[in-house]
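Peer 1: So you can see what is in the structure, the chains are spelled out below.
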Amino acid sequence: MSGIIEVENLSFSYTPQSIILKDVSFEVMPGTFLAIAGPNGAGKSTLLNLLCGSLVPKSGTIKIDAAPVESYSTEALAGKVAVVRQEFVPVFGFTVIEMVLMARTLYYGPMGFERKADKEIAVEALEMTDTIQFASRPLGNLSGGERQRVFIARALAQDTAILLLDEPTSFLDLKHQVGIYDLLKTAQVERGKTIVTVTHDINLAAQYCDETLLLEGPASCLSIGGLQNESRAHSNYHIGKTKDVFSTEQIEKVFGVRTFAGRIGQEKFFIPLGKFAKDSRQIANKPDSSQQK
Amino acid sequence: MRIEVMIELLTPRKLVVRIILAAGALAVVMFICSLVGTESVSLKAVFGAADEEAPVNPDYEIFVRVRLPRIILATIVGGALACSGVVFQALLRNPLADPYILGISSGCGLGATIVVISGLNWTLWGRSPIAVFAFAGALGTVWLVWFVGRLTGKFHVTGLLLAGVVINAFFSAVIMFLTSIAKAEHVYATIFWLMGNMTEEDFLTLWLGAGFVVGGTTVLFYISPQLNALSFGEEDAKSMGINTARTRTIAFGVAAAITAIAVSLSGLIGFVGLVIPHGVRLVFGPDHRQLLPLSGIVGAIFLVVADTVARIIVAPAQLPVGVVTAIVGGPFFLVLLVKYSRKVSWLK
Numbered sequence: 001m002s003g004i005i006e007v008e009n010l011s012f013s014y015t016p017q018s019i020i021l022k023d024v025s026f027e028v029m030p031g032t033f034l035a036i037a038g039p040n041g042a043g044k045s046t047l048l049n050l051l052c053g054s055l056v057p058k059s060g061t062i063k064i065d066a067a068p069v070e071s072y073s074t075e076a077l078a079g080k081v082a083v084v085r086q087e088f089v090p091v092f093g094f095t096v097i098e099m100v101l102m103a104r105t106l107y108y109g110p111m112g113f114e115r116k117a118d119k120e121i122a123v124e125a126l127e128m129t130d131t132i133q134f135a136s137r138p139l140g141n142l143s144g145g146e147r148q149r150v151f152i153a154r155a156l157a158q159d160t161a162i163l164l165l166d167e168p169t170s171f172l173d174l175k176h177q178v179g180i181y182d183l184l185k186t187a188q189v190e191r192g193k194t195i196v197t198v199t200h201d202i203n204l205a206a207q208y209c210d211e212t213l214l215l216e217g218p219a220s221c222l223s224i225g226g227l228q229n230e231s232r233a234h235s236n237y238h239i240g241k242t243k244d245v246f247s248t249e250q251i252e253k254v255f256g257v258r259t260f261a262g263r264i265g266q267e268k269f270f271i272p273l274g275k276f277a278k279d280s281r282q283i284a285n286k287p288d289s290s291q292q293k
Numbered sequence: 001m002r003i004e005v006m007i008e009l010l011t012p013r014k015l016v017v018r019i020i021l022a023a024g025a026l027a028v029v030m031f032i033c034s035l036v037g038t039e040s041v042s043l044k045a046v047f048g049a050a051d052e053e054a055p056v057n058p059d060y061e062i063f064v065r066v067r068l069p070r071i072i073l074a075t076i077v078g079g080a081l082a083c084s085g086v087v088f089q090a091l092l093r094n095p096l097a098d099p100y101i102l103g104i105s106s107g108c109g110l111g112a113t114i115v116v117i118s119g120l121n122w123t124l125w126g127r128s129p130i131a132v133f134a135f136a137g138a139l140g141t142v143w144l145v146w147f148v149g150r151l152t153g154k155f156h157v158t159g160l161l162l163a164g165v166v167i168n169a170f171f172s173a174v175i176m177f178l179t180s181i182a183k184a185e186h187v188y189a190t191i192f193w194l195m196g197n198m199t200e201e202d203f204l205t206l207w208l209g210a211g212f213v214v215g216g217t218t219v220l221f222y223i224s225p226q227l228n229a230l231s232f233g234e235e236d237a238k239s240m241g242i243n244t245a246r247t248r249t250i251a252f253g254v255a256a257a258i259t260a261i262a263v264s265l266s267g268l269i270g271f272v273g274l275v276i277p278h279g280v281r282l283v284f285g286p287d288h289r290q291l292l293p294l295s296g297i298v299g300a301i302f303l304v305v306a307d308t309v310a311r312i313i314v315a316p317a318q319l320p321v322g323v324v325t326a327i328v329g330g331p332f333f334l335v336l337l338v339k340y341s342r343k344v345s346w347l348k
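Going line by line, the protein sequences match chains A and B. When we follow the working numbering, the leftmost residue of the first sequence carries the number 1, and every step to the right adds one. When we follow the working numbering, the leftmost residue of the second sequence carries the number 1, and every step to the right adds one.
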């Protein structure tokens with residue numbers, strides 16, 4: 001089980017006028033937990049869709065385990081990459097176990113029924129995500145946090161080296177946010193999975209993710225305009241160890257929001273400061289407190 | 001230490017048992033309904049025919065030439081409509097979908113109207129031109145809707161549904177225009193055909209129809225695990241390794257074809273394709289591996305009973321069976337809906 005993602009000079013645009021991703025190159029080594037962060041419209045979900053083959057790059061290549069994504073058949077790619085998407089369409093009242101088993105559809109026997117091994121894998125995924133007690137309940141009857149764990153269980157049941165997630169903690173309360181990230185970390189540590197997650201939560205990313213890809217978004221790209229893009233081609237994203245990528249300056253530059261940075265042990269945390277935050281000006285004018293130490 | 005959790009799953013054995021039970025019920029219903037009618041038929045007289053020297057055995061004539069074809073026809077049409085209803089609901093991820101939603105009804109209606117009004121009277125393999133034109137109209141319309149839907153870019157459920165609605169409305173307008181300029185008896189014939197009717201058919205047509213419907217349903221059953229995955233949307237199914245384009249094309253093609261066969265045999269019979277899949281889903285769950293075969297059989301039972309009611313309730317006159325399916329099916333469905341709605345989250 002490997003799980004290497006190599007992205008080289010990747011560019012993508014929905015229309016010729018607005019380039020979403022420009023010349024992005026990075027590598028995700030097996031067993032790495034990578035966060036993709038950035039403002040709305042920066043191309044986070046687009047990048048995720050490119051990684052799983054839902055979208056085709058305008059130029060550049062994406063390789064999964066040394067072969068280009070588009071060279072895989074749908075079936076073969078599903079054996080390498082599992083995806084947890086944001087939107088959920090509740091249809092027809094499938095139960096939790098029925099849905100998790102669907103991840104095994106590829107491996108069903110000739111009669112179109114799951115084999116014993118498929119059932120074991122599905123049950124194991126439910127146990128790992130602590131959702132086994134809901135197995136026989138319709139998906140629509142679960143709370144948002146429970147449902148998200150079930151979707152992760154389905155992705156785990158697909159038994160792939162790579163797991164892609166699009167904002168897995170949006171709409172979840174604090175407890176469930178932490179629960180989801182604990183679960184993902186467990187999958188990374190115990191199963192050696194390569195995990196790539198799109199997130200808006202820089203603090204969860206700081207706490208859990210080894211590396212971060214921070215996308216600046218098309219705005220900075222457009223403002224330079226036209227051909228001059230070339231010279232600044234590499235300046236619209238940052239990749240590296242999470243603790244190196246995030247800093248108050250970087251966050252202010254990318255998100256346009258001032259933050260108050262604090263440190264707990266090795267990890268930096270950021271509190272965003274709005275216009276009405278008490279003494280925000282005063283705090284923000286101070287030098288980055290994390291750098292003082 | 002692993003906690004054993006009771007998980008009930010559909011197994012091949014359970015499925016086979018249920019299908020056999022349902023098929024048995026269908027056989028019983030067909031048998032009983034073949035004996036019910038305005039004329040009482042004695043089985044002894046039907047099969048004792050060979051002994052007698054009488055030139056015509058009325059019991060045999062009624063049973064074999066009138067009732068049996070009609071019951072077989074109802075079985076075929078009911079099964080086809082229910083199965084394609086299941087498929088359209090799955091593909092469009094819309095509980096309101098039925099076999100006619102993508103324009104099949106207006107397409108075949110238009111075909112039939114053109115034939116009636118132009119007064120064509122040739123036959124093709126013993127089939128009246130109405131059936132042939134209705135079949136062609138139905139398939140042509142589905143193709144047109146599919147084509148227009150594709151123009152909206154990627155396969156888009158909403159685009160397809162809107163294309164279906166618009167084309168349905170347009171063809172309905174054409175039908176209304178044609179009937180408004182037609183002669184009165186032509187109008188009556190058209191309307192009667194559109195209401196859905198089980199006229200007696202010759203056995204060759206019946207066996208051919210049955211063959212296509214059973215074959216089509218088998219193909220649909222074969223892709224039913226993929227239909228399950230497709231219920232969660234295009235992208236989700238794809239990331240689970242489903243070849244969505246192939247599954248969709250096969251499912252749409254086959255469902256449209258068996259619907260077209262059904263409508264060309266019997267006209268437009270409403271409600272079966274909407275109510276039966278829902279009813280079966282409410283009771284047995286949404287797994288298409290089970291939903292498809294059981295809906296087919298239950299749809300057949302339903303239409304056989306409905307047609308029997310249509311034959312006898314206002315005897316010696318006969319009701320169009322479409323009237324009965326709607327009147328019987330509506331309240332029946334409401335009872336199911338109220339009783340089981342707690343089980344199904346997507347109704348909330």
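Note that these hints are calculated values from the structure, not bench results. What you are looking at is a predicted structure, and each value in this text was computed from that prediction instead of being measured. Honestly, I wouldn't trust all of these hints.
For lysine-lysine, the following DSS-like pairs were computed, each having C-alpha atoms within a straight-line distance of at most 27 Å [to be verified]:
{"#": "1", "chain 1": "A", "residue 1": "K185", "chain 2": "A", "residue 2": "K119"}
{"#": "2", "chain 1": "B", "residue 1": "K14", "chain 2": "A", "residue 2": "K116"}
{"#": "3", "chain 1": "A", "residue 1": "K243", "chain 2": "A", "residue 2": "K175"}
{"#": "4", "chain 1": "A", "residue 1": "K185", "chain 2": "A", "residue 2": "K243"}
{"#": "5", "chain 1": "A", "residue 1": "K185", "chain 2": "A", "residue 2": "K175"}
{"#": "6", "chain 1": "B", "residue 1": "K14", "chain 2": "A", "residue 2": "K119"}
Peer 1: Kindly indicate which numbered hints from before are broken by the structure, ordering the numbers from low to high.
Peer 2: Hints that this structure does not satisfy do not exist here, as all of them hold.
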